[in-house]
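Chemist: Top to bottom, those sequences are chains A, B and C. Everything in the first sequence is counted per the numbering used here, starting at 1 for the first residue and increasing by one. Everything in the second sequence is counted per the numbering used here, starting at 1 for the first residue and increasing by one. Everything in the third sequence is counted per the numbering used here, starting at 1 for the first residue and increasing by one.
Everything labelled a hint here was simulated from the structure, so no lab data went into it. Just so you know, even glycine gets a beta-carbon here, dropped at the ideal spot from N, CA and C. Keep in mind that the hints are not guaranteed to be accurate.
Taking beta-carbon pairs under 10 angstroms as the criterion, some of the chain A residues facing chain C (in silico) [as the list claims (entries may be wrong)]:
1) 1
2) 2
3) 6
4) 13
5) 17
6) 92
7) 98
8) 100
9) 216
10) 217
11) 266
12) 274
13) 275
14) 281
15) 338
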Amino acid sequence: MKALDIALKDMLRSFRSFFAVIFMFVIPLLVTGMFYFMFGNIADSGEFSLPKTKVIVANMDKGGPKFNVNTKNIPGGKDADTMGELIVGILESDDMADLIVVAHASSPAAARAAVDNQTQQVAIIIPLDFSKKFADINEDAAIEFYQDPTLTIGPSVIRAILNRFTDGMASVKIAVNVFMDEAQPEEQIYVGEVVQRYLKISLAEEDDLEAELLDVRTPVKEDAAAKSENLLVRIVGPIMGGMMIFYAFYTGTSTGQSILREEEERTMPRLFTTPTSQATILSGKFLSVFMTVSVQVIVLLVVAKYLFGINWGDILPVTISALGIIFSASSFGIFVNSLLKDTRQSGVIFGGVLTVTGMVGMINTFSGNMPNSAQFGDVSLLVPQGWAVLGLTQSMNGQPIASLLTTMSVLLAWGVVFFTVGVWRFNKRYA
Amino acid sequence: MIRILDITIKDLTQLVRDANTFMFLLIMPIVFTLLFGYASGAFSKDQSDSRLPIGYLNEDNRWVDQPLHDILAASETIHLVEYPIASASDLEALVADGKLAAAIIVPRGYGQAMLKNKTVRLIVIADTGSTAWTTIQAETLTAVSRLDGALRTATITEDILGDRAPFRYAFDQTLEAWQDPPIKVVETTSSVVPKVTDGGMSLAHTSPGMMLQFAIAGLLTAAQIIVTERKSRTLQRLLTTSARRIHILIGHYLAIFILIFSQFMILIAFGQFALKVDYLRAPSATLLVAFSAALCISALGLLIGVIAKSEEQAVTFSIIPMFVFSGLGGAWVPLEVTGEAFQIIGHLTPVAWAMDGFKNVIVRGFGLDSVLLPAGALTVYAVLFFALAAWRLSAAEEK
Amino acid sequence: MNNIATIEVLDLRRSFGETHAVQGVSFEVKQGEIFSLLGPNGAGKTTTISMLSCLLRPDEGDARVMGHSIRTDQMGVKSVLGVVPQEIALYEDLTARENLIFWGKMYGLRGPALKSRVNEVLEIIGLSDRAHERVGKYSGGMKRRVNIGVALLHKPQVIYMDEPTVGIDPQSRRNILDSVIALKNQGMTVLYTTHYMEESQEISDHIAIMDYGKVIASGTHEELVKLVGGKTRIDLTLNTNAENVISAWQSVEGVERVTKDEETISVLVEDSNIVLPRLFESATKHSARITSVDIREPNLESVFLHLTGRALRD
């Protein structure tokens, strides 16, 4: 009973601290909210859509022999006098309006400068002899694609579009070249027919190339019911989980610090003068750590569910996962504080150990949404936070309970070791 | 002036004597940069690992499918992963688990249908909502289009020229021509990071990002000096001497600045020589960014020290800006992937400006001119934070 | 007050490395009396109290509090004991009432009994109308009152007070001294440590003087004063370097002892009325002029000086 009194007293002090409350609840929700806002452009569409890429075009093309590319699907095809104008027409078409914003430059240098000074993200430079070279079977034509090197996604989309167009044109020219390589001089009159027949039967005529060529299927997972259909939530969910775990470990350590603080406030020695055993006193302190972290985790789980619509999973896996987080975070806090001499050392611990281990544990959370992200492997599993994140992710993904129990066993082992060492050290300290 | 230096030396002595603190200010960012770099494959010898892994299964096995495989295998952005005994459902499971970015399955009869110009589709299993889908879609369509183009060309050529251009010959000639297409897009960039090393690009973002983030985190130790001074009443005692308030402020500020700037220098050296991030390609530009960032962060540290009433508050007031500024400023996730509004908001934080400055040098390959604006913005922040600290100190002591 | 020994201290010893903080301290505290441990800083008073509170284990020796041994029955000791530590050992972010409730629970009180007792103690310490305020906002004196109040919650039979008046204003000190006397009047036994001679003198039934870890004298005020033979101390200052005068004064009839502490020369005499003119005469003979005279009737300061050769406040 006295242990509970001590625990409740400590909890009362914790929750009265404005800063403790900020750390426990506000910061995790704030940071997650920041990411929610960061990726908010997919909230309505449900798809990942980038901000429009700013493209500047320097079309220097003077024209050449007219290529009858009467493809009905290329906007402005009938109005373009040069290949350069054709390309510009495509870029400025309604189909591209959601992806790019097109500006024009008077020279290649001006276009590159616009990218260099970051007013534009990509410069497309069409040389003045592009049409001429395009029409000459012995010449190669090239378009320069100059991009901001710090960007990846937007430019890669534009490059893909441009490549599709140039591939289409190149395929015609290749067909002509292959024909011309084997044709006799008198058979060169058939070049036009080659082009016409090629364009007629090739895929360049297709309205929707993807639908024509690819049968795209979404992978189906077992127990996928737990997974949110909303892409934004699928991005934000792991972040909120990671933040919750990150700050649960902070809370465990800062609450555990109350033992050191009471030594400095001299209330701990006073406690020892009362008819309350050392075991009871320390039990009460440890209990307060567990109870405070429990409150934090439960509140964050519930609030995040309703604020961000995060589906943590079924009740059993969520409970198991939450218990694992609570136990490991609390034990870690007790262990860390048992190593400290006084609260003055806490700055280093908070700023150093907790931040580094927390961020290592959350590595997968931040890497998962970056394009071309490599497999981050098991780096996060070097720290207990990583296992806690893994367990929560398994719960959110609706994975079998056996997988979750395996993960939680490892987390429990971490917690037991921390708790055992922490208790032993504190007992020794007050012996 | 001498009093300012006396206070600075006193603060630095206190900081340096706490060996743990000092080591954490350096070890923390180095460790985390290494970890993040390692996890992103920056140190991997196998450059192909950075490409998207795409599972490949050919259920058709006709000769006409092989060029499709070859075109995909030659891609610079995807690499094929083939499992000898995996089935389509196995590949689907791997995609669902995130072990593969996508899976391409050549269905039975695909080659035959292509030869006969009949409608047939390649099966692609992928999450079309992911950011990698655009790349996968583009590469796959390119491969199929080229295959289709080769088939059409061979058909037409054989039809017109007969035995002089047999189908298979024309088909192979067409595919060979794609190795050096007559119309192409040539990518150029101002980047100083070699294109092949995506890991290098990753480190070029991570290195300055982590450096800035942990510089802010390190403020909690610097700020605590000031907090302890106030709690122990030595600050009040200082104010009873002939040392003026502004001297005291500048003295503390200078100590924090020296600490942060030294941290930057050491981490830049580490980045340059250990991580091969080319900070020193424009030394004056890098120095200017580091200097102005240190000015700004130090002023923030001074403000935290003046505002915080306890060591716990100093920790809180340091950790919160570390997270918020780093997140908003693009130290973790490049601002490129966020909405335009967020990108504007991000540039309300000093971290975004510092990232711009560093990346202008180490990624874009620019020089001193390119960092003048970021350095200016950082200096404005420094002045603002310092002014707030000075005002707050006056207000607190007059209570 | 009766003759039953409430606290029996038997040859307690405690060292910290090479420092022998308590070296064979023995004394008895009778039921219902105020017993002072008087001594300068570093004399071993707090270490002694810490051992008697079961916070420190003695290296040697034992003590019994209401028959409970500090070595073998610590819970028994703690249950009859109330401790007022030298520091303000309270939770500053809790209110006075919340502090008292919590500490009451630690002393085994519960429910309505606890509530009622908390109200009583708040009345005793005079903070009933401010009980809802956080202790952090109290003045130093108020905090000390709550500090004492905590020790009274479980109506202990014995209470230790470790320098409770250090660093507080005279009015608060007066209040505390009055409350100590009130406790005694209620039948409580008080073990009180201090380095203020006046306090000991005023409130104690029995005094033990400690120095360098030992009890160097023990008894009532009158008994202790008699150790210096009821002698009076005269403190004088001269207008010149006084070495030759000190030598001369030591030979003056009626002078017991002469010591010098910086500018002040202390002369222990039988009867100041008789000796003082002789001192003046002697000074004149040696071309010195007495610039100030302070006559101090025999007190504990004199006793300490007599026993140790040092002033109590050194």
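Chemist: Evaluate each hint against the coordinates.
Modeler: Verification of the hints:
no., hint, in the structure
1, 1, "8 angstroms, holds"
2, 2, "6 angstroms, holds"
3, 6, "8 angstroms, holds"
4, 13, "6 angstroms, holds"
5, 17, "7 angstroms, holds"
6, 92, "66 angstroms, violated"
7, 98, "56 angstroms, violated"
8, 100, "58 angstroms, violated"
9, 216, "60 angstroms, violated"
10, 217, "60 angstroms, violated"
11, 266, "4 angstroms, holds"
12, 274, "4 angstroms, holds"
13, 275, "4 angstroms, holds"
14, 281, "9 angstroms, holds"
15, 338, "21 angstroms, violated"
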